[in-house]
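Visitor: Chains as they are written, first to last, in our numbering: chain S, 1 to 144; chain R, 1001 to 1144; chain U, 2001 to 2144; chain X, 3001 to 3144.
One or more hints might be untrue.
[Said to hold, decoys possible] Here are the simulated EDC-like cross-link-like pairs (lysine to aspartate or glutamate), alpha carbons at most 16 Å apart as the crow flies: (1) K1106(R) / E2117(U); (2) K1045(R) / D44(S); (3) K45(S) / D1044(R).
Calculated from the structure, these hints are not laboratory results.
Here's the letter readout for the chains.
Protein chains: 4
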Amino acid sequence: MNTTTPEFERVAASLARQGMMQPLGVRLLRAERGLVELVMPYSDKVTQQQGGFHGGAMGALADIAGGYAGLTVLPEDAEIVTVEYKINFLASLQGGEVRAIGRVTKGGKRIIVTTAEVVHIDEHGKQTPCAVMQQTLVPVPKTY
Amino acid sequence: MNTTTPEFERVAASLARQGMMQPLGVRLLRAERGLVELVMPYSDKVTQQQGGFHGGAMGALADIAGGYAGLTVLPEDAEIVTVEYKINFLASLQGGEVRAIGRVTKGGKRIIVTTAEVVHIDEHGKQTPCAVMQQTLVPVPKTY
Amino acid sequence: MNTTTPEFERVAASLARQGMMQPLGVRLLRAERGLVELVMPYSDKVTQQQGGFHGGAMGALADIAGGYAGLTVLPEDAEIVTVEYKINFLASLQGGEVRAIGRVTKGGKRIIVTTAEVVHIDEHGKQTPCAVMQQTLVPVPKTY
Amino acid sequence: MNTTTPEFERVAASLARQGMMQPLGVRLLRAERGLVELVMPYSDKVTQQQGGFHGGAMGALADIAGGYAGLTVLPEDAEIVTVEYKINFLASLQGGEVRAIGRVTKGGKRIIVTTAEVVHIDEHGKQTPCAVMQQTLVPVPKTY
Chain S
1 MNTTTPEFER VAASLARQGM MQPLGVRLLR AERGLVELVM PYSDKVTQQQ
51 GGFHGGAMGA LADIAGGYAG LTVLPEDAEI VTVEYKINFL ASLQGGEVRA
101 IGRVTKGGKR IIVTTAEVVH IDEHGKQTPC AVMQQTLVPV PKTY
Chain R
1001 MNTTTPEFER VAASLARQGM MQPLGVRLLR AERGLVELVM PYSDKVTQQQ
1051 GGFHGGAMGA LADIAGGYAG LTVLPEDAEI VTVEYKINFL ASLQGGEVRA
1101 IGRVTKGGKR IIVTTAEVVH IDEHGKQTPC AVMQQTLVPV PKTY
Chain U
2001 MNTTTPEFER VAASLARQGM MQPLGVRLLR AERGLVELVM PYSDKVTQQQ
2051 GGFHGGAMGA LADIAGGYAG LTVLPEDAEI VTVEYKINFL ASLQGGEVRA
2101 IGRVTKGGKR IIVTTAEVVH IDEHGKQTPC AVMQQTLVPV PKTY
Chain X
3001 MNTTTPEFER VAASLARQGM MQPLGVRLLR AERGLVELVM PYSDKVTQQQ
3051 GGFHGGAMGA LADIAGGYAG LTVLPEDAEI VTVEYKINFL ASLQGGEVRA
3101 IGRVTKGGKR IIVTTAEVVH IDEHGKQTPC AVMQQTLVPV PKTY
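So here's chain S without its partners, still in its complex pose (with noise of 0.2 Å):
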C-alpha cells in the first residue's frame, strides 16, 4: 500500500466525504493512474438475508472503485458521476472481507468507461470471485 501517490490522496479525501461508506467501513488500499483497489469487511452492516455479504454493499463497492479509477484519470478540477452500471454477482459468502479493484477500459473526454471486480478472501487468505461490474461515467466540473 502506498499512500503517498497523488492518486491516493485524491481519492481518499473524496471517499473520507462519503457518508454511506463510513457504516460499511469502507477503506482504500491502492490507487495509481487507471487503477482503484478498496476493501470492505464482513460485519452486520452489510449482509443479506442469508448472512453474506449483501449484494448492495457488493455493487456500491465495485461502483466507487470503477468511478474513482475514473477520476484518476482526469485533471483536479473535475469531479466524476456514474451514469450507470451493470453487475453481475457471482458468489456471496460469510466473514473475512470483500476487496473491489477498478479499472479504467476507455478513458474520454465525455464518457468514460470502467470495468470492476469484487473477489471475496476468507480468513486463510483463499480468493473467491464475487462481483464483476461494467460502468459509464461521465466527468462533471468539481462544486466543492
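Position chains R, U and X relative to chain S; hints supplied.
Guide: Same frame as chain S, now just chains R, U and X:
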C-alpha cells in the same frame, strides 16, 4: 399501506434479516403479487461526496425492490437470488427520502426479469426520478 | 401509421441510411416525440441456430428503436450515439414479425435514457414479449 | 487458426445454422475451451447512418462470441441461451473488419457469465477497441 397481505408479511420477514438495510433505514411500504415498494430516508449513512443520495444506496434499494417483487411470485419454499442488474442514475438529491418500486416484467421457473424505479420525494412532496434498473433473478430453495 | 409527422420524416430519412437494416427488412411504423416503433419481419436473415429470431437481430432493433426515440427529442442539427444498452431476452419465436417500441425515460442535454420492448406478433395477431432493453444515449453534432 | 479442435468444429457447426450471420459475413477464427474469436468484414450490410460499423452488428457479434465461449464449457448434449447482455460502444469505424473475442468469466451449472471485446482492425493492421460486453447465459438441452 396494507400490512396484512401475505406478500407483505413474507417480504417484511426477509427484510428484517438484512443487516445492511438497518443502518440505511430501509422500510417496506407495499408488497403485492409482482410489486414491492420500499423507502429509504435521507441520512448521513446514505450520502456520496457531494451530500446527495449515494448511487450505491439507491442501487441497493432498487436491487432489493426488484428482488422482493420477484419473491412475491415464488412459492413459499423458495428464495430469490440476484443474478445481475443494470441501473441508470438520473439525479442525486439531498433531504427527504427515496422510494423504489420493483415490478416483475416476466416471471418464469428458471429466470425472473424485473424493473425498478427510484424516485426522490422532498419535504413538500415533490417527486424527481432518480434511477431506473433492469434486473435478472433466479429462484433457489430456501435454506433458513 | 402516420407518415406526416416531422418526427416520422426525420427518423425515416436516417433509417434509410442504415445499410444493416435493409437485409433485416426493418421498417418504421411510428415516430412521435419520445416514442418510435419499428417492425422486422421473420426471414432467414434474422434467425439463430434454432430457427427463432436472433437475439442479435432483436438487440439491433431495440437499439435503434431506443436511439430514434432519443433522436425525436433533439434539435434538428443533432444526431444521437448509443453509449451502451442492456437487453434481457424473454423468448425467441419463429414466423410472423417482431416490433420494437422505444421510449425516452429521461431526456437531457448530455445524457438521454431510454427503454425499448420487443414483442413478437404471430400470423394470428398473438403477442409475446421477447426482450426488454435499457439504454444510454448522447447527443452529438450532425455531420452529414 | 486451428480448425481441428473439437471446440472449433462444434462452434462452426452451430454458426453455420445462424441465418443472420450469413449476410453479415461472420466467420469463426478461433475456438478453445472458454474462448471464441469471430470476425465480421466491413460491408454495406453492417453499417449505420454515418457509414461506420452498426452498433447492432457489433452487438450481435459480441453476443455470439460470448455465447459460443459459453458453449465450449458445456457438455455436447447442451445448448446455450443468452439471458441478457450489456454492451458499451467505444468507437465506430469504417472499412477493414471487426473481431470479437468472447471469454468465460465464470462457468456454472445454472448460470455462465462471459465478457466480449470488439476490436476494429483497419487495412494496415491498426487496432481500435470498439465495444465491451458483459453477458449472462444459461445452458439448455440441445433439441436439434
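Visitor: Would you check the hint for K1045(R) and D44(S), treating anything up to 16 Å between C-alpha atoms as holding?
Guide: 15 Å, holds
Visitor: Does E2117(U) lie within 16 Å of K1106(R) when you go C-alpha to C-alpha?
Guide: 12 Å, holds
Visitor: Starting from K45(S), check that the Cα of D1044(R) is at most 16 Å away, please.
Guide: Roughly 15 Å separates the two Cα atoms, so the pair holds.
Comparing the model with each numbered hint stated earlier shows that all of them hold.
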